[in-house]
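Asker: So the sequence shown is numbered by the numbering used here: it starts at -6 and just counts up by one.
Incorrect hints may appear among the rest.
[Unchecked claim] Calculated lysine-lysine pairs in the BS3-like style (CA-CA distance at most 27 Å, straight line): (1) Lys324 / Lys305; (2) Lys305 / Lys318; (3) Lys180 / Lys132; (4) Lys180 / Lys264; (5) Lys296 / Lys315; (6) Lys296 / Lys264.
[Claimed, not checked] Cβ-Cβ distance ranges computed for the label pairs, FRET-style: (7) Gln227 / Ala134: 32 to 38 Å; (8) Gly238 / Pro147: 16 to 22 Å; (9) Gly195 / Asn122: 33 to 39 Å.
These aren't lab readings, by the way, just hints derived from the structure by calculation.
Note that beta-carbon positions come from the ideal geometry of N, C-alpha and C, so glycine has one too.
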Amino acid sequence: MRARHAIWVGLIMGAVGAAQAQVNPEVVASGLESPWALAFLPGGRFLVTEKAGRMRVLEPDGRANPPVQGLPAIAAGGQGGLLDVVTDSAFASNRTVYFCFSEPDAGGSANSTALAKAQLSADRTRLENLQLLFSQKPKVASRAHFGCRIVEMPDGTLFMTLGDRFSRKEDAQTLDNHLGKVIRLQKDGRPPADNPFTNRAGALPEIWSYGHRNGQGATLGPDGRFWMHEHGPQGGDEINVPQAGRNYGWPVITYGENYGGGKIGEGITAKAGMEQPLKYWVPSIAPSGMAFLTSDRYGAAWKGNLFVGSLKFGYLDRIELKDGKVVAEHKLLEDGRARIRDVRQGTDGLLYVLTDAQDGKLIRLQPR
């Protein structure tokens, strides 16, 4: 693994579009094995997860340290492994990180999405005081649809997306399980008292919203709300701004269809009592990673834009919003054809992306 601090030539060759010409992609680090999530540490360092079950600290020059020790058992395989990671808003004083992963059962035959927190040691080599905050119920024999993005909200609560595990999609419509849900927790793992289903018999109190498929992007919006996107089946990827207690329709309604064709659910796109997405894609772009740009490093036209990575088509989608609606989209980095797994705004106000590959890269987007 080595830092290259050079322009990613494959991305900028032939980059003649106006939107593309506004950034220079700079490779900060390469040789990351299927990196999944990125967080920022003091001193210009980076914290990166690799799906196979490793967490690494990268130095400012991109040099990778040995894997951080102290992770729990992880069911790595298929879409599962070590997934999202975020630092606590008070990380400078408490060194706390939150991460989610696919957690195996005792026999290793089933798994579920779990959330843990720990302190990164002062020398950044190990996790200390590990605590399991949440474990999705039920565990399922599946290697797909873990969801697993985490967002800390201004009130200190944590949101996390949970996939439907593919084979159990109908459970996304019932409240006695965590499949196909968004959950909201306090930092000690307890559900807040004002969660929407706290006092409903038969409903799990962690649930915030339901009827989701597989959310692999989430972020705090400039409006102070939780935003997410989720994979559709074959078409019908969605951006949603989940509201407390609302039903987002999967798998009863969808703008997608079964793999190979054919209807899903009721074969309709709208139904009373089910929310419409803010935005949907047909065909699917296979979205992953999500961030709002709040800095002015790229000029006024980009400030407030939403950025979403595409795994399928290998580009970064710059999304313009007005009055809560998508008004324009611009494809960035598409010449590289690299699967974009994550996108974050750094403490320097610049955008960073992770590419999903055996030789995955951390890329900084330099303004021109």
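Asker: All hints, please: hold or fail.
Answerer: Results for each hint:
no. : hint                        : result
1   : Lys324 / Lys305             : holds (13 Å)
2   : Lys305 / Lys318             : holds (24 Å)
3   : Lys180 / Lys132             : holds (23 Å)
4   : Lys180 / Lys264             : violated (35 Å)
5   : Lys296 / Lys315             : holds (12 Å)
6   : Lys296 / Lys264             : violated (35 Å)
7   : Gln227 / Ala134: 32 to 38 Å : violated (23 Å)
8   : Gly238 / Pro147: 16 to 22 Å : holds (20 Å)
9   : Gly195 / Asn122: 33 to 39 Å : holds (35 Å)
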